[in-house]
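Undergrad: This is what each chain is made of:
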Amino acid sequence: MTGNRSTGSPRSTGNASSTGSSSSTGNSVMTGDTAGTGPARDHAGGAPAPGDGGARAESPRGHAAGPRRRRLGDAWHAYLFIAPSLFGVLAFLLVPMLIVIVLSLFDWELLSAPEFVGLDNYARLAADGETWHSLWVTVAYVLLCIPLQTALALGLAMLLNRRIKGVRFYRSLFVVPWMATPIVLGLIWNWIFDPRDGALNGALALVGITGPDWLSDRAWALPAVALVSVWQHTGYNMLFFLAGLQGIPKELHDAAETDGATAAQRFWKVTLPLLNPTMFFVTVTNLIGAFQVFDTVYAMTNGGPGRSTEVLNFRIFETAFKQFDFGYAATLSTLLFVIIFLVTVVQVRFFGKRTTYDLS
Amino acid sequence: MTKRILLYATLAVGAFVSVFPYLLVVLTAFKTQAQLSSTPPWLPGLPPTADNLAEMLGGDFPRFILNTAVMTALLTAGQLVFTTFAAYAFARLRFRGRDVLFWLFVATMMVPSAVTMIPLFLIMRELDLVNTWYGLLAPYVLGTPYGIFLMRQFFKSLPAGLEEAARIDGAGSLTILLRVMLPLCRPALGTLAIITVISSWNSFLWPLIITSGDDTKVITVAIATLKDGIGVDYHLMMAGSLIALAPMVAIFIFFQKYIVRSVVLTGLK
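As you go down the protein sequences, you meet chains A and B in turn.
Using our numbering, you'd call the opening residue of the first sequence number 1 and step up by one each time.
Using our numbering, you'd call the opening residue of the second sequence number 361 and step up by one each time.
Okay, chain A solo, but in the shape it has when bound (with noise of 0.2 Å):
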């Protein structure tokens, strides 16, 4: 239901050396302090920043009392507190989990008793051309809007991190399509993308260009939702570059250019090596996201023309709900658990040589 913004993952701040400097406090982030961004921090010789609450700097671990001061009636309060999440947890997200994978060794389109078959689920999968080939459609959605929506986003923050004017004007301007909703965006974008009233064709007429019938077209269908990606993400991801980037000191690039590092040098020498838990979180957040894409597909194109936009958690959908083949489905809910799951566990690694996950 939240889509790809009830995604989150554990924040990384810089090296292992670093304390619990990463939860920031509830001053804005544009203010320009410095404090806590761990790679930073080491580089600036590992002193407390300022702003790191002091104490913070005493119990790294966060324990608001420490381990003296435990109290008996604590333990229960806590319990107590948890109990309704946890039961949400439970019933909700893990319950549900293991009853994908148990589902999906069952044959079931609800009026029958279910059936069960084993493997056979996976063997069908195996030969599904039409599932491979929304796989393929996702990926290459994934590769279209991903790399675009976090470069712009990063090209984005670095203009903006600068003495300008209106620098705020501008960062919510940015920021206006994220809370957009997705259905109605769609069909802003079907409107947008109209072959012969549209914006975008009587723009691209204006400058003598006869423009594609974008949405009908099987070679541009799946870039142009991708793009309505892109347009939507940028701006929300821009701030957290922007954050990440006023935690970088600027002693840090004063030093590098007296050094003779040229701009380009700075950036993947500098820049973009500090910018790691933020890379990190931008990527994980927004990749688990696109590869649930669904409601820009189900407003703009329905899987079409001709399957061109099929993507996975569309066929899934349809599976399900218009063929009532539930044990199928499932199988292909467990077939995007495991990629979503693999392609988290890559940049964990990834970016895991750098960073530490600071969860205490």
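Possibly wrong hints are sitting among the right ones.
[To be verified] EDC-like cross-link-like pairs, simulated, lysine to aspartate or glutamate; straight-line CA separation at most 20 Å: (1) A:Lys322 <-> A:Asp194; (2) B:Lys587 <-> A:Asp194; (3) B:Lys587 <-> B:Asp411; (4) A:Lys165 <-> A:Asp194; (5) A:Lys322 <-> A:Glu109; (6) A:Lys269 <-> A:Asp259; (7) A:Lys322 <-> B:Asp588; (8) B:Lys587 <-> A:Asp197; (9) A:Lys269 <-> A:Asp254; (10) B:Lys587 <-> B:Glu415; (11) B:Lys587 <-> A:Asp128; (12) B:Lys587 <-> A:Asp107; (13) B:Lys587 <-> B:Asp574; (14) A:Lys322 <-> A:Asp107; (15) B:Lys587 <-> B:Asp420.
Read the hints as simulated data drawn from the structure, not as lab findings.
We have chain A already, so just place chain B on it with the hints.
TA: For chain B alone, coordinates are given in the frame of chain A:
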């Protein structure tokens, strides 16, 4: 100087691209069918007409808006209450199994909603809750692991000695949470509330699956049905879109600092 101009030009283009689709919704929503094809999409239709909005608001739309508002309010209230309790416990109380349980919560953040929707539907079907408010709300009203993660980060950022005085006075955990912590949590709760409001209002797949009647139909599902019903009458569709988007735009304008703050809450800097 040229560099400066280029910079502002880029920013201006970016800002225009960000806002243009919204602008298009407003322009189109006030056009007649004839103006739709006789004027370029980026120019207003003159004279503007309120007929499209009137037609949309004259139908079942207000009811669906109300349903969505009720759903959003309940989910947000649930998220704030249950998340605050759990996050406070995880951040500042000591109890056996805390770390294991917290890891469990963090791990479930990775479980894609696309994967759980089928079993959730089947659970609701077993419980006879399909097409009811209970079915619509139950999976999300107890808060999300992500919310707990954000709030826990915030609680941990508060000074350690905060509870001391209250404890010495004999206050229990509940009193401390409500009297000492909660007043400090306003900014974080505001952010969590805004994120939850937006994601609840925008949610589509779960309502699409679990509801079918008008009694529980929310705006996103209504909009999707609209598309099947009226085809390419973009003036009507944009009127519907305008109605659906307006509350979120208003929230954004008034509470955008909370959205910016959501970045801070993740603990990334």
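Undergrad: When you check the alpha-carbon spacing of Lys587 (chain B) and Asp107 (chain A), does it fall within 20 Å?
TA: Violated, because 34 Å separates the two Cα atoms, which is more than 20 Å.
Undergrad: When you check the alpha-carbon spacing of Lys587 (chain B) and Asp411 (chain B), does it fall within 20 Å?
TA: holds (18 Å)
Undergrad: Is the hinted pair Lys587 (chain B) and Asp420 (chain B) satisfied, with a Cα-Cα distance of at most 20 Å?
TA: At roughly 15 Å apart (the allowed maximum being 20 Å), Asp420 (chain B) and Lys587 (chain B) satisfy the hint.
Undergrad: Are the Cα positions of Lys587 (chain B) and Asp574 (chain B) separated by 20 Å at most?
TA: Distance ~17 Å between Lys587 (chain B) and Asp574 (chain B) Cα, so the pair holds.
Undergrad: Does Glu415 (chain B) lie within 20 Å of Lys587 (chain B) when you go C-alpha to C-alpha?
TA: The given pair, whose Cα atoms are some 15 Å apart, holds under the 20 Å limit.
Undergrad: Under the criterion that the straight-line Cα-Cα distance not exceed 20 Å, is the pair Lys322 (chain A), Asp194 (chain A) satisfied?
TA: violated (28 Å)
Undergrad: Holds or violated: are the alpha carbons of Lys322 (chain A) and Glu109 (chain A) at most 20 Å from each other?
TA: OK: Lys322 (chain A) and Glu109 (chain A) at ~11 Å, within 20 Å.
Undergrad: Does the alpha-carbon distance linking Lys269 (chain A) and Asp259 (chain A) stay inside the 20 Å limit?
TA: The given pair, whose Cα atoms are some 13 Å apart, holds under the 20 Å limit.
Undergrad: Need the status of pair Lys587 (chain B), Asp128 (chain A): alpha-carbon distance at most 20 Å?
TA: Given that 20 Å is the threshold and the Cα spacing comes to 31 Å, the pair is violated.
Undergrad: Checking one constraint from the list: CA of Lys587 (chain B) to CA of Asp197 (chain A), max 20 Å. Satisfied?
TA: holds (17 Å)
Undergrad: Starting from Lys165 (chain A), check that the Cα of Asp194 (chain A) is at most 20 Å away, please.
TA: Violated - the C-alpha atoms of Asp194 (chain A) and Lys165 (chain A) are around 37 Å apart, more than 20 Å.
Undergrad: Is the straight-line distance between the alpha-carbon of Lys587 (chain B) and that of Asp194 (chain A) 20 Å or less?
TA: Holds: Lys587 (chain B) and Asp194 (chain A) sit about 14 Å apart, inside 20 Å.
This entry does not satisfy hints 1, 4, 11 and 12, going by the numbered hints stated previously.
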